[in-house]
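There are 4 protein chains.
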Amino acid sequence: MFIGVIGGGRCSKKVAILAEGVGRELAEHGATLVCGGLGGVMEAACRGAREAGGRTIGILPGNRAEDANAYVDTPIVTGIGEMRNVIIIKSVEVVIAIDGQYGTLSEIGHALARGIPVVGLDTWELSQRGKLKDSIILAKDAKDAVEKALAAVSV
Amino acid sequence: MFIGVIGGGRCSKKVAILAEGVGRELAEHGATLVCGGLGGVMEAACRGAREAGGRTIGILPGNRAEDANAYVDTPIVTGIGEMRNVIIIKSVEVVIAIDGQYGTLSEIGHALARGIPVVGLDTWELSQRGKLKDSIILAKDAKDAVEKALAAVSV
Amino acid sequence: MFIGVIGGGRCSKKVAILAEGVGRELAEHGATLVCGGLGGVMEAACRGAREAGGRTIGILPGNRAEDANAYVDTPIVTGIGEMRNVIIIKSVEVVIAIDGQYGTLSEIGHALARGIPVVGLDTWELSQRGKLKDSIILAKDAKDAVEKALAAVSV
Amino acid sequence: MFIGVIGGGRCSKKVAILAEGVGRELAEHGATLVCGGLGGVMEAACRGAREAGGRTIGILPGNRAEDANAYVDTPIVTGIGEMRNVIIIKSVEVVIAIDGQYGTLSEIGHALARGIPVVGLDTWELSQRGKLKDSIILAKDAKDAVEKALAAVSV
Chain S
1195 MFIGVIGGGR CSKKVAILAE GVGRELAEHG ATLVCGGLGG VMEAACRGAR
1245 EAGGRTIGIL PGNRAEDANA YVDTPIVTGI GEMRNVIIIK SVEVVIAIDG
1295 QYGTLSEIGH ALARGIPVVG LDTWELSQRG KLKDSIILAK DAKDAVEKAL
1345 AAVSV
Chain D
1195 MFIGVIGGGR CSKKVAILAE GVGRELAEHG ATLVCGGLGG VMEAACRGAR
1245 EAGGRTIGIL PGNRAEDANA YVDTPIVTGI GEMRNVIIIK SVEVVIAIDG
1295 QYGTLSEIGH ALARGIPVVG LDTWELSQRG KLKDSIILAK DAKDAVEKAL
1345 AAVSV
Chain W
1195 MFIGVIGGGR CSKKVAILAE GVGRELAEHG ATLVCGGLGG VMEAACRGAR
1245 EAGGRTIGIL PGNRAEDANA YVDTPIVTGI GEMRNVIIIK SVEVVIAIDG
1295 QYGTLSEIGH ALARGIPVVG LDTWELSQRG KLKDSIILAK DAKDAVEKAL
1345 AAVSV
Chain R
1195 MFIGVIGGGR CSKKVAILAE GVGRELAEHG ATLVCGGLGG VMEAACRGAR
1245 EAGGRTIGIL PGNRAEDANA YVDTPIVTGI GEMRNVIIIK SVEVVIAIDG
1295 QYGTLSEIGH ALARGIPVVG LDTWELSQRG KLKDSIILAK DAKDAVEKAL
1345 AAVSV
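Protein chains in written order, with my numbering: chain S, 1195 to 1349; chain D, 1195 to 1349; chain W, 1195 to 1349; chain R, 1195 to 1349.
Chain S on its own, in the form it takes in the complex (with noise of 0.2 Å):
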């Protein structure tokens, strides 16, 4: 099962241990990980998996694969700058978001608007008109949101 991970490709200590237990609880639960490659909570969460055993995919931005941090495995060399991050939507079964800035929220509303489960770790919230939407799934550490992710996958 391919799983994706999103966020910042610059994170404080907090959120990159939060990431990097993400990484391997998925790890733990044979899941592949697939994000954008890069550092922050890619990177964190790469690690996280690798350390565990785990298999990670990293879909890049730019035009080269040594631009992929330590913990990818596989590289895959886009060219596309940000519009890679639909491909890692399209790519997995859920999607799970951590802190994250406005490259983040897109990568939401991607994932969003073409019906794949987002499990949200501190990440954004959404409203229209005054009103709150649910349509993240709220998780409140690693553990509960690969727990989430993988409930949502199975239903």
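One or more hints might be untrue.
Given that identical chains are not distinguished, each listed pair holds provided it fits within a single copy or across any two copies.
As the list claims (entries may be wrong) - The list that follows gives simulated cross-link-like pairs (lysine-lysine, BS3-like), each with its CA atoms no further than 27 Å apart:
(1) 1325 / 1208
(2) 1325 / 1207
(3) 1342 / 1325
(4) 1342 / 1208
(5) 1207 / 1342
No lab work stands behind these hints: they were computed from the structure.
Fit chains D, W and R to the given chain S structure using the hints.
Quick look at chains D, W and R alone, frame taken from chain S:
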């Protein structure tokens, strides 16, 4: 000047009137409207622009120029699906988001990630950790939206 | 009618004169020129078109509208690098290939794969198993190229 | 090492045997096969690779992982149609072109434009002004093709 208009491929009558007004105002200010080229908000905005003598570019998701609504004078056929939203964002100086669902949300995310100002008419509200972000410039009607868009660019 | 002009980002003086002539002829026939928007053949063709009062669309590979040559009136900013060649092909009814290197070859391949007629001016010749393919319509000068392009579309 | 295999989505029995041999040889040399993930040459090459214990990545043009042939172990879902050919080229160190039509020609063009070596098995011949270009490394059978591909990379 190229200004983007984003919003759903289907919309209510009320939203269509709003979008048509935005298109008309853009034409009257001499701006070229860039949108996704399909129905709903896109079609209404193009109709407003064309009826006021303006120019309209449609960046189409599919493989056929014939998919463009009748008010697009310059159809660009991308074949890259929803990723074409990013081309709209990159080709304009400011974006007006009208209503919209998750596709519009992803487009707002792309614009803000790139530093393109977003003027919102009855669209998404974004929060993080319970705190509303003020990254979208709120407008109250079509005239106000176009004035705020022009002001955001001239800064 | 949208007609594509493809060729190298650098070219000899002789090829530039050919491209400028193609641009001029397109404008005189009321066609809109669509190209990659950069230098060399693209710039020369756009200059010819604009000086004859025609319209020019540049589908740019990078992230900046400023990369367009001075004769592009409608820059589309894709950020997808050489993949933007496919958008050129999809947006036109016929393509005129002038000189060019491997990028032009890939564009010819995309056009023929899609069933878009290709008129060639001093460009690639294609063979399989020692047998020349006649898939490119050969032209002898700018005027001939544009006439053959228009004829290919009106079929 | 990632090596690309390109060729038509349909092919003769004879070409399929050739492609299967290329896949097998790649696996035996420990290379990961990257292809477009569909039928014909792609499917035959993936089958050869998997039956010899190798790894196979399919960069799919459409929106569904289910479109991948049965021998792809890592499907990447792009939704960008034939542009996905460029992602294949960017993700590999060398490409083996087998037979193929205009789509394969465009892929050869992209590879050569990027400086990626192309090994050809019964594929296109390229000329300019009546002079054959020697830019494609000719191979006589599957074993020869893989040996030449590996040699081209180790330069």
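Going down the list of hints, with the structure as the test:
1. In this assembly of identical chains, the alpha carbons of residue 1325 and residue 1208 lie at most 27 Å apart only when taken from different copies (20 Å versus 30 Å within one copy).
2. Only between protomers do residue 1325 and residue 1207 lie at most 27 Å apart by alpha-carbon distance; the minimum there is 22 Å, versus 32 Å within a single protomer.
3. With identical chains, the CA atoms of residue 1342 and residue 1325 are at most 27 Å apart both within one copy (24 Å) and between copies (25 Å).
4. For a Cα distance limit of 27 Å, the shortest separation of residue 1342 from residue 1208 inside one copy, 21 Å, qualifies, whereas the shortest one across copies, 38 Å, does not.
5. For the identical chains of this complex, residue 1207 and residue 1342 are intra-copy neighbours only, at 24 Å inside a copy versus 39 Å across copies, given an alpha-carbon limit of 27 Å.
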